[in-house]
Structure formats: C-alpha cells, structure tokens
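There are 2 protein chains.
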Amino acid sequence: MSTPTSGAPRRATISDVAREAGTGKTSISRYLNGELSVLSPQLRARIEAAIERLDYQPNQMARGLKRGRNRLIGMLVADLTNPYSVEVLQGVEAACHALGYMPLICHAANEVDMERRFLQLLTTYRVEGVIVNALGVSEETLRPVGGGGIPAVLVDRSVDGLVTDMVGLDNEGATMLATRHLVERGFDRLWFVVQPFEHISSRRQREAAFRQALKQYPQVSGRTVVLELGDADELAQTLNALDAELDAAIGAQAPGEGARHVALFAANGPVALALARHLHQRHGPDWQKRVALLSIDDPEWAELAGITTIRQPTYDIGYRAVEFLHQRIDGEQSSARDCLLPGELIERASTAR
Amino acid sequence: MSTPTSGAPRRATISDVAREAGTGKTSISRYLNGELSVLSPQLRARIEAAIERLDYQPNQMARGLKRGRNRLIGMLVADLTNPYSVEVLQGVEAACHALGYMPLICHAANEVDMERRFLQLLTTYRVEGVIVNALGVSEETLRPVGGGGIPAVLVDRSVDGLVTDMVGLDNEGATMLATRHLVERGFDRLWFVVQPFEHISSRRQREAAFRQALKQYPQVSGRTVVLELGDADELAQTLNALDAELDAAIGAQAPGEGARHVALFAANGPVALALARHLHQRHGPDWQKRVALLSIDDPEWAELAGITTIRQPTYDIGYRAVEFLHQRIDGEQSSARDCLLPGELIERASTAR
DNA sequence: CTGTTAGCGCGTTCAC
DNA sequence: GTGAACGCGCTAACAG
Numbered sequence: 001m002s003t004p005t006s007g008a009p010r011r012a013t014i015s016d017v018a019r020e021a022g023t024g025k026t027s028i029s030r031y032l033n034g035e036l037s038v039l040s041p042q043l044r045a046r047i048e049a050a051i052e053r054l055d056y057q058p059n060q061m062a063r064g065l066k067r068g069r070n071r072l073i074g075m076l077v078a079d080l081t082n083p084y085s086v087e088v089l090q091g092v093e094a095a096c097h098a099l100g101y102m103p104l105i106c107h108a109a110n111e112v113d114m115e116r117r118f119l120q121l122l123t124t125y126r127v128e129g130v131i132v133n134a135l136g137v138s139e140e141t142l143r144p145v146g147g148g149g150i151p152a153v154l155v156d157r158s159v160d161g162l163v164t165d166m167v168g169l170d171n172e173g174a175t176m177l178a179t180r181h182l183v184e185r186g187f188d189r190l191w192f193v194v195q196p197f198e199h200i201s202s203r204r205q206r207e208a209a210f211r212q213a214l215k216q217y218p219q220v221s222g223r224t225v226v227l228e229l230g231d232a233d234e235l236a237q238t239l240n241a242l243d244a245e246l247d248a249a250i251g252a253q254a255p256g257e258g259a260r261h262v263a264l265f266a267a268n269g270p271v272a273l274a275l276a277r278h279l280h281q282r283h284g285p286d287w288q289k290r291v292a293l294l295s296i297d298d299p300e301w302a303e304l305a306g307i308t309t310i311r312q313p314t315y316d317i318g319y320r321a322v323e324f325l326h327q328r329i330d331g332e333q334s335s336a337r338d339c340l341l342p343g344e345l346i347e348r349a350s351t352a353r
Numbered sequence: 001m002s003t004p005t006s007g008a009p010r011r012a013t014i015s016d017v018a019r020e021a022g023t024g025k026t027s028i029s030r031y032l033n034g035e036l037s038v039l040s041p042q043l044r045a046r047i048e049a050a051i052e053r054l055d056y057q058p059n060q061m062a063r064g065l066k067r068g069r070n071r072l073i074g075m076l077v078a079d080l081t082n083p084y085s086v087e088v089l090q091g092v093e094a095a096c097h098a099l100g101y102m103p104l105i106c107h108a109a110n111e112v113d114m115e116r117r118f119l120q121l122l123t124t125y126r127v128e129g130v131i132v133n134a135l136g137v138s139e140e141t142l143r144p145v146g147g148g149g150i151p152a153v154l155v156d157r158s159v160d161g162l163v164t165d166m167v168g169l170d171n172e173g174a175t176m177l178a179t180r181h182l183v184e185r186g187f188d189r190l191w192f193v194v195q196p197f198e199h200i201s202s203r204r205q206r207e208a209a210f211r212q213a214l215k216q217y218p219q220v221s222g223r224t225v226v227l228e229l230g231d232a233d234e235l236a237q238t239l240n241a242l243d244a245e246l247d248a249a250i251g252a253q254a255p256g257e258g259a260r261h262v263a264l265f266a267a268n269g270p271v272a273l274a275l276a277r278h279l280h281q282r283h284g285p286d287w288q289k290r291v292a293l294l295s296i297d298d299p300e301w302a303e304l305a306g307i308t309t310i311r312q313p314t315y316d317i318g319y320r321a322v323e324f325l326h327q328r329i330d331g332e333q334s335s336a337r338d339c340l341l342p343g344e345l346i347e348r349a350s351t352a353r
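Protein chains in written order, with UniProt numbering: chain W, 1 to 353; chain A, 1 to 353.
Honestly, the hints are just simulated from the structure, not real lab data. Glycine residues also receive a C-beta, built at the ideal position from the N, C-alpha and C atoms. Be a bit skeptical, because a hint or two may be false.
Listed next, with one range per pair, are the computed distances between beta-carbon atoms [stated by the list, open to error]:
{"no.": "1", "chain 1": "W", "residue 1": "Ser15", "chain 2": "A", "residue 2": "Ser15", "range": "48 to 54 Å"}
{"no.": "2", "chain 1": "W", "residue 1": "Gly22", "chain 2": "A", "residue 2": "Glu111", "range": "38 to 44 Å"}
{"no.": "3", "chain 1": "A", "residue 1": "Asp113", "chain 2": "W", "residue 2": "Arg53", "range": "21 to 27 Å"}
Derived list of chain W stretches under chain A, where covered just means 3 residues or more per stretch with a C-beta under 8 Å from a C-beta of chain A [said to hold, decoys possible]:
{"no.": "4", "segment": "15-21"}
{"no.": "5", "segment": "56-68"}
{"no.": "6", "segment": "232-242"}
Can you build the whole structure from these sequences, using the hints too?
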C-alpha cells in the first residue's frame with residue numbers, strides 16, 4: 001500500500017472539498033470565512049462533513065496571496081540567549097495571539113549580517129509588519145522596512161535617522177532610580193559597566209543618564225567601564241584590568257565587611273552575569289562582601305545570587321510593540337511614537353549595608 | 001521630510017520587472033532560479049538593471065504555492081524560557097541556514113492547547129517538516145504530522161505510539177555518569193528531583209536510569225522526589241516538605257562541613273534552579289555547605305553558583321534534528337531512527353568534598 | 001442563497 | 001534564446 005511518493009498524500013484542496021460536498025468552491029470559501037449566514041443549513045452541513053472527511057485545511061499561502069495579507073509579522077531578535085528578549089517575546093506572542101497574527105521569529109544570534117539577511121527574508125515572505133530588536137541594523141538596512149515599506153516598530157533601541165514607533169524602557173528614569181538607590185545605601189564609588197554603547201541607543205542613554213545622575217551627588221565619584229562581551233579574550237583582559245583597579249579602590253578603604261564603598265552598576269543582564277561570574281571565580285562565593293552589584297534587567301539567577309536589579313516591563317514592551325504595529329498595519333498615519341515604560345527596583349542583598 | 005508610513009507602494013511583481021526589462025516573465029523567472037546559462041548576457045544585464053531599479057524581491061508565498069515547496073520548517077518549542085531550548089534552537093538555526101530552510105519558530109509557553117494550535121497552524125502554512133519539542137502533544141495530535149503527514153522529528157522526548165525520528169540526550173548514560181560521580185565523591189544519600197515524569201519520556205528515562213544506577217551501589221540510598229514547577233503554591237509546599245526531610249537527613253549526621261552526605265540530583269535545569277533558589281532563600285549563601293547539588297543541563301548561572309552539571313550537546317541535537325528532517329523531506333524512507341548523544345560532566349564546587 | 005469567472009504572483013511546459 | 005499560456009489554492013466580483 002505504501003505509495004512510493006511517501007509523505008504527502010497531497011493535502012485536500014478547496015476544490016476537492018467542493019466536489020466532495022457537491023457544490024462550488026465559493027461556498028466553501030464563504031464557509032471558511034465565517035459568512036455562514038449566507039449558507040443554507042443544509043449546504044453548510046454537507047460542507048462541514050466534507051471538510052471533516054477530507055481533513056481539509058485551507059492553505060494560508062494561497063489565501064494570503066489572494067488577499068494581499070497573510071497575517072504574518074516578523075520578529076527580529078538580536079539575541080535569544082538574553083532572557084530579556086525571551087520575555088519580550090512572550091508579550092509579543094500574547095499580543096499576536098490576541099490580534100490574530102502569527103509571529104515569524106528570527107534569531108540573528110548577534111550577527112549583523114544575519115540581521116540583514118533576515119530582514120530581507122521577511123520582506124520576501126511579505127510579512128505585514130516587523131518588530132525589530134537588533135544590534136546592527138542601520139537606517140539603510142531598515143529603509144525598505146520603516147519608511148515607505150512595511151510598518152516596523154523598534155524594541156529597546158532606536159535607529160539613527162529612522163523614524164518609526166519605538167517601545168522600550170524609560171532608561172533615564174531607570175538609571176536615576178538605580179543610582180539614587182546606590183547612593184542612598186551609602187555607596188560612593190559607582191562604576192557603570194556597559195557594552196560598547198556608541199551604536200546602541202539604549203546603552204547610550206543609560207550611560208548618559210548615569211553621568212547625569214551623578215551630578216546630583218557631588219560626594220560620590222563615578223566612572224564608566226566598557227566591557228566587550230563578544231570577544232572572550234578581550235573580555236578576560238578587561239575584567240582582569242578592572243579587577244586590579246577594584247583591588248586598589250577597595251584596598252584604600254577599611255577592610256571591614258560593613259565598609260563596602262564601591263558598587264558595580266551593570267547596564268544590563270549579560271554584563272551583570274559576566275561580572276558576577278568573574279568575581280565569583282576570582283574571589284569565591286563571598287565576592288559580594290567586597291563589592292556591590294546592581295543590574296538593569298532581572299534574569300532568573302539574580303534572585304539566586306541576591307542581586308538588586310531594575311526589572312524591565314518586558315512583557316508589556318512586547319505587547320505594546322505588537323499593538324503599535326497592528327495600528328500601523330491598519331493604516332494609522334500619525335507620526336512616529338515612542339513608548340517608554342518604567343522599570344521597577346527589586347531590592348536584594350547585594351546592595352544592602 | 002518623510003511620509004509617515006505611506007501605505008504600501010505595492011511591491012514590484014515579476015511582471016513589472018519583465019515589462020521594465022522589455023521581456024517576458026519567463027526570462028525573469030529563469031534568471032531568479034540561476035538558469036543564467038540560458039540567457040544572453042545582454043538580456044541578463046537588462047534584467048539585473050530592472051530588478052535593481054524596481055527593488056524587486058520575489059514573493060516566496062507565490063513561489064511556494066506554485067512549486068509545492070516553501071522551504072519552511074516548523075519548530076515547536078515547549079518553553080523558550082529554558083536555556084536548553086534556546087541552545088537547541090541555535091543548532092536548528094545553523095542547520096537551517098546551511099540547508100536553505102527558514103525555521104518558523106513556535107513557542108507554546110508550556111501550554112498544551114497552544115501546542116496543538118501551533119501544530120495545526122504550521123500545517124496550515126504548509127511547512128515541509130516539523131521539529132517538535134513539546135510537552136503535551138499526544139500521538140493523535142501529531143498524527144497529521146508524523147505518520148502520513150508532513151515529516152517530523154522529535155527533540156529530547158518521544159511520543160508514545162508515534163514512530164518518528166528522534167534526537168536527544170543519552171539519558172541513561174548521562175544519569176549513570178552523574179550518579180557514579182556523586183557516589184565516588186562520597187555522597188551516599190541521593191535524592192533525584194524531577195518534574196512529573198509519567199508523560200515525558202526523557203524524564204521517565206532519567207528517573208528509571210537513576211534507580212537502575214543505584215543498584216550498583218548497595219551502600220547508597222536513593223529516592224525520587226517529584227516537583228511540580230508549574231504551580232507556585234504547590235511548588236512552595238513541596239519544597240518546604242522537602243526541606244523538613246532534608247533537615248532530618250542532615251541532622252542525623254555529623255554537622256561538620258566536610259561531612260555532607262546527601263546530594264540533590266536535579267533532572268534538569270529548571271528543577272535545579274528552583275532548588276537552588278529555595279535553598280538559598282532558606283539557608284543563605286552558604287546553603288551548599290549543607291547539601292550538594294548536581295544537575296542535568298548546564299545553564300549559564302551554574303558556573304556562577306558553582307554547580308556540577310551534565311552538559312547536553314544541545315547545539316548538535318538541534319543540528320542533527322534538522323539533518324534528519326531534511327533527509328525525510330528529501331524522501332528518505334527508512335524506518336524511524338533515534339539519535340542519542342552523550343552528555344558531558346562539568347565538575348564544579350558543588351560536589352567537591 | 002449559490003455557482004461562474006477572473007485573477008493574486010509565480011514557475012513551467014511548449015511552441016516560436 | 002525567448003515568450004505565451006496554463007495552473008497552484010484561494011478569494012472576490014458578478015451573475016443567476
């Protein structure tokens with residue numbers, strides 16, 4: 001019995017169903033589209049039976065081709081390894097579900113040319129819109145998308161020269177909140193640690209906000225440390241250098257436990273993890289007695305390690321992004337909007353005195 | 001400047017290009033499909049120019065409709081929150097990239113009916129194959145997929161009554177490896193902690209392998225503890241009960257630091273995290289002095305916390321899955337294959353004496 | 001209420 | 001070499 005052509009017994013088409021139900025394709029189509037009030041109960045029953053019998057499932061591709069809309073939206077994620085992204089994704093999925101879209105998730109794995117390829121691929125599949133959280137896309141790359149092309153909304157970061165909706169964290173507020181917390185807890189040497197930030201607006205904003213915040217506290221000193229997570233060698237080198245400086249800074253103070261004066265302020269989760277791993281490895285489980293750590297982003301391990309964090313409203317960010325996109329797809333013409341959501345301080349042992 | 005989001009200027013079609021190049025659609029199509037040897041260099045140049053000018057991008061949907069193949073494969077993931085899944089995904093993506101597929105990633109967020117919906121959706125989009133890592137799909141749900149339907153390959157777990165290719169961890173070997181390690185380190189009270197395992201083959205196998213392994217070591221006692229991570233209340237309750245028993249077990253021994261006799265063996269990363277969080281919260285940063293922890297899966301935080309783990313060859317698992325699928329799509333008729341990859345022991349402080 | 005007709009954008013014979 | 005015509009599965013007028 002095994003048909004040599006194996007696999008596909010070629011799925012039933014709308015014509016098959018029509019024939020099986022003894023009617024025309026139109027009626028089937030109408031049935032599928034919920035125009036049931038226009039069908040005689042009798043015909044309707046026959047159609048249902050036929051569909052059931054043939055296990056018919058409409059071909060979305062063909063449907064989209066005809067209609068001009070396929071209900072697909074693209075979601076470009078720079079790094080799924082980052083819990084932040086996954087959380088945003090969950091919001092995106094929920095919203096898609098609610099609004100009837102199917103998200104096409106593309107994971108660029110932190111590679112710029114992958115991002116470009118995916119964007120082009122999405123375009124090729126005629127997605128109705130795109131949600132972008134990328135690290136290297138330039139205005140030019142996004143041109144076919146944002147401007148006169150398909151609607152796009154940016155997540156977490158904006159792109160220079162590109163005017164589109166954006167939704168993300170209120171970086172300024174979050175940074176202020178964190179800085180104030182550290183100062184209030186008595187830390188007076190703050191090191192803001194961040195990945196190269198020239199090209200990522202959110203990082204840039206956080207760094208700027210940090211320096212801005214410091215102006216309010218003349219008694220505390222602050223500096224920015226740049227950490228390149230991509231290159232393992234370079235990372236190790238930077239961390240070692242950082243360590244030496246940290247030793248110096250700490251050594252200059254009272255060695256007692258209650259005397260921690262310096263706090264590391266990680267610009268995001270990955271940075272915090274890199275720092276924590278390094279410090280743990282170098283100073284053992286008690287590393288937190290030497291230096292405080294606070295991070296924007298609230299990954300699962302933060303609670304385990306007792307790290308104070310600024311939790312982002314990730315789910316909402318994703319949800320709002322889809323809502324924005326949906327409006328654009330529906331023809332919304334207003335000028336580009338920004339949606340900045342507030343972060344929440346989760347206080348834990350790492351910054352306690 | 002900038003029209004806000006002017007409605008789609010309707011993308012150029014193949015006909016547009018043909019007209020622009022002063023030729024017929026056929027030639028364009030040939031050009032696109034690389035049959036360049038059949039085109040006069042002159043025509044070819046005109047086509048290239050036209051495509052460039054119109055920024056033409058072939059419509060994959062239409063293409064797929066006609067060809068019968070759209071190069072789409074579905075990837076159903078039960079839980080993207082689990083780093084394991086993301087790592088597998090990276091392997092899948094790499095393989096897809098290499099083999100020319102576009103993975104349609106569906107995240108079921110641990111909801112069984114979502115899985116069913118997605119599977120149906122994928123079918124509707126006529127994906128050429130599916131990679132499934134789900135938790136609740138039954139043989140029936142997968143029927144249209146595995147058997148006479150589109151090719152499928154299972155990841156990490158198999159489904160009762162469904163014969164398809166599967167790739168995952170060598171659970172037996174990994175569990176043996178871990179158990180032996182614990183015993184060799186001198187632990188003689190082993191608690192295997194696992195989520196409800198009746199319906200998940202990999203968990204079932206690990207639990208069985210654990211009990212099997214114990215038979216080799218008459219001097220050590222072992223038991224299985226079931227942890228339901230889904231329900232927060234129930235989880236807390238179980239953990240508290242577990243704690244009490246742990247107190248008893250530990251109290252019965254010498255309280256000295258070097259005398260740890262009981263080890264927790266987490267069946268996977270999420271379980272390990274739940275355990276670690278709870279113990280940390282209850283006993284503070286020094287919780288590891290009371291009890292050892294070892295886990296299958298090697299999430300990022302494991303190093304930070306100094307947890308000994310069995311790392312799964314996640315990337316390879318994903319990669320192999322796509323390769324299997326590719327062969328099936330290409331008509332491979334052999335009977336269902338299993339690919340069991342070995343785990344690797346990563347020894348860290350948590351199990352040191 | 002229902003069937004007929006004409007494409008959606010593209011690939012593919014099959015003639016020229 | 002090149003292009004016209006047909007059809008993939010489906011929807012949208014347009015009749016009946």
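Outcome of the hint check:
1. W/Ser15 <-> A/Ser15: 48 to 54 Å: Violated, at about 26 Å.
2. W/Gly22 <-> A/Glu111: 38 to 44 Å: holds (39 Å)
3. A/Asp113 <-> W/Arg53: 21 to 27 Å: At 25 Å between Cβs, range holds.
4. 15-21: violated (count 0)
5. 56-68: holds (count 8)
6. 232-242: With 0 residues in contact (Cβ-Cβ under 8 Å with chain A), the coverage given for the segment 232-242 of chain W is violated.
Hint violations for this structure: numbers 1, 4 and 6, all remaining hints satisfied.
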